[in-house]
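Participant: What follows is the residue order along each chain.
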Amino acid sequence: MTKYQSIIAIALVISPPVFAEKEFEKHNNMMDHGNGHLMDMTGGMVMGQNTDVLPGGCDRIAATKEITVHAGHKYAEKFPGRMFAYDVQEYQFEPCTKVTVNFFNDDDVRHQWMMHGLPKYIYPKGMFHMELTGPGKISGTLIFPPGDKTYLVHCDMAQHMEKGMKGQLKIGKGDGDLPSIPGVTAYVIQDDYSDSIADKSISDTVVAEITEMKRQVIGNNSFFSGLTVIGLAIGLILAPLLARRFKGMTPAEVITYIFDLVKQVVDVIVKVISWLIGLVKK
Amino acid sequence: MQKNPLGLLLGAALMLMPVLASAVVGLPKTVEVDRGKVETVCNQNNPEWREAQTIEGVSMQESLRCSPDNPYAIAAQVKGTNNLSMEALMNTHYAMDGIIKKNDMDGDGDPDLIIIKLEVAELNGHSPDFAGVLPTFDIAPGIQPGMWVFAPKSRGMATNSFVGTDANPLLRAPSPVIRVEQGDIIWIQLENTHYFPHTIHLHGVDHPWIDSSGEGNDGVPQTSDKFVLPGQSKTYEIRPRVPGSFVYHCHVQTHVHLAMGLVGMLVVEENRPNNWVQTFNVGAGQVRHPSKAILEEYDSEYDLHYHAMDKELHSVIQKYNDPRLIARKMNREYDLTDSTEDYHTLNGRSFPYTLRESIIVAEPDKNIKLRVFNSSGELLAMHTHGHKATITHYDGVEHNPIAQITRDVYDIAPAQRNDLKINTTDDGFHSYGEGVWIFHDHREKGITTDGMNPGGNVSALVYKKYLNEVGLPKTIGESIAPLFTKAFHARKVPVWQNIDDWNSLGEIDAEGYVAPPPSVAAAPDVTQGSADIETSEDNSFRNLVFGLFLGIFAYLLIIYREKLSALISSLKGGS
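So the sequences go chain by chain: A and B.
Just so you know, we're using this note's numbering here: the first sequence kicks off at 1392 and counts up by one.
Just so you know, we're using this note's numbering here: the second sequence kicks off at 68 and counts up by one.
Source of the hints: derived by calculation from the structure; they are not laboratory data.
Positions of the beta carbon are idealized from the N, C-alpha and C atoms, including for glycine.
Only true hints are included.
Reference listing, derived: stretches of chain A covered by chain B, where coverage requires no fewer than 3 residues with Cβ under 8 Å from a Cβ of chain B:
id: 1; region: 1431-1443
id: 2; region: 1520-1529
id: 3; region: 1545-1559
id: 4; region: 1627-1638
Label-pair restraints from in silico Cβ distances:
id: 5; chain 1: A; residue 1: SER1585; chain 2: B; residue 2: GLU99; range: 42 to 52 Å
id: 6; chain 1: A; residue 1: THR1455; chain 2: B; residue 2: ALA557; range: 53 to 63 Å
id: 7; chain 1: A; residue 1: VAL1620; chain 2: B; residue 2: LEU94; range: 34 to 44 Å
Generate coordinates for the entire structure from the input sequences, incorporating the hints supplied.
Facilitator: Structure follows, in structure tokens:
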């Protein structure tokens, strides 16, 4: 507790007063909260700082490098359809390299440079994270593990990565590309840019739909349907047969003949039914 | 013996017919729908957060609801992030510079320069990388409309943890209630972390039209203000002389930006000595550190922010990633004048989630202050069961005390505020006694979630006696557990499943069901209007006969073609 109180006391002494105007903050006097967690009262933060612990599999620090990363709205200019970006989208380092990242925030709002997937026994939650609450510069150092792997670097503020603040960092050859890196890889889910405002007015569509609905409900009321065609065919086939049958008959004889035919058909049906009834009775 | 197998077969079929027919006249059977996983009704209970306590000198009232506010966050909201220990601040999601309080200029024991930072966060937004939304904020189980909110300036990730996509507790609807003291110098810094331009308009709050540097201070792009563009920041300066319940909202494309959620309450508390007010009330609801003036007259205070959303508007940001495309869909294609509000929320959530965070906890013979704000697009008709409340203030202005109205439905137009006084004296008028008394919008769509009930902005005033150990009301009605399922909100569970032993109003399983022919032919419908659309009739026999005649006619035409042509030529010759 006294440790924290003294930290706060020091912080209050050294931190410049807060002004309404955004001033460029050089976060050079951060306090170490243990586990590589550095923080100051003006909104600078580094988590996962590691300047000396060698990751397992590294027998020495392969190289010592320093990079500069800028974050801001203006870096999205070269990527139409993006709103936030870093000035660099891709990085490559040899395994076991020690890197100092100088992170600049060129906007008047908060931004982050966050890396996931690092070994958790060195980096709490497997993360190296730098954050600036406004315009300023902050530096942090880490040592990469061995092996070919591609790491995501991004700003985790709502929609900042989705709208462009995303990059990838390859150790060795990396293990593939990540999606949606501005200027490098495509989205997994593409936007549909087709114009959705139909030229046809909505009333036209409704009229067409109602007409179709009505047709389905009422059915086909016309005299011409599939059955008309079937009837036509039957008529054409039957006509010559009937003509042969009725050849030489008078109209009266024809009618008598038809009646006789119908009577015979009915007789057959009645016989069949009574036969069935007989069966049932048995 | 087997001389007539066909006859036997037909006879058997005939004899079975009555049995078959009886099977066919039955109606489809009832089935029970699996409602899936039922969430724990109270899912995030931090018992130690519920107690009355003091953190670094900041005292706060108990909060007996299921999801109480984080006491460390309240300490930061009262003292300012600059006056709180780093240790305490690490228990919150606040940025180091989130709330700055300093300069006791009048020497009355409280700070008089307050710097409040607001970011703009998108909830339930699109991702180009996977088919889902983030950071997520469920207004009801599985209901995730895309939203924009002003949020206190936070630090770290937008999500609560590495696993899962749920938003951190500072990123939530509604935009937080801002509380300031009358006469203080307030700088509200809008840090536009969003991909569209925004501003802040201080609705009803005493503010000069231009600030001390001559820049616009009213938030209206058409008259006073430049857009605050993505990545930019802008400070609004106020020194409010008049107390009351007011509003702040974005004034860029207000018709949609306000509906998207960029609107919150701004309360100016009366000036008192040593009056440290709770600068933010995140998620609204109970004010755990009420101001001095409120405690003079009331025992507790609640902020109630009602909102409503059209799911069509709120899905735009979930369908597209390109901000230009979102702007076109939202501001050129979407037409607010054709909209309907589907989701009705109280303090950012709909029933049943309101039971976790937006209940009012009452005790007999107390006075409770409610500040009720309607940011939906339509009139709100808030109704309190078991109580008649007195409307003390309209839009932050006190109503003449002898003319104040006590009633049980409070009509609040869009953007209006009513301050209500609930007196829990059991006199048959102010209160009908202890219980679990719901309060809700009485426009019935307001008690639905996308037209489905129970849902919407229903919550409850619960007497302590009826509160269980996790802060949920001890209800004696039907179980509310089925409402805590995604299946219910996906409209899959029938409204009255398992209301009795044999599930008489359960789900119908009509698969493979064929309706039998009706027993008696239905009498023709001769009522007026029934002929608007003619019923279908079977024309097949008519058409067959018609075809038959056509065929015969054609045949006759062919065989008598010579006679016909002779007839035609003779007619020609005759003329």
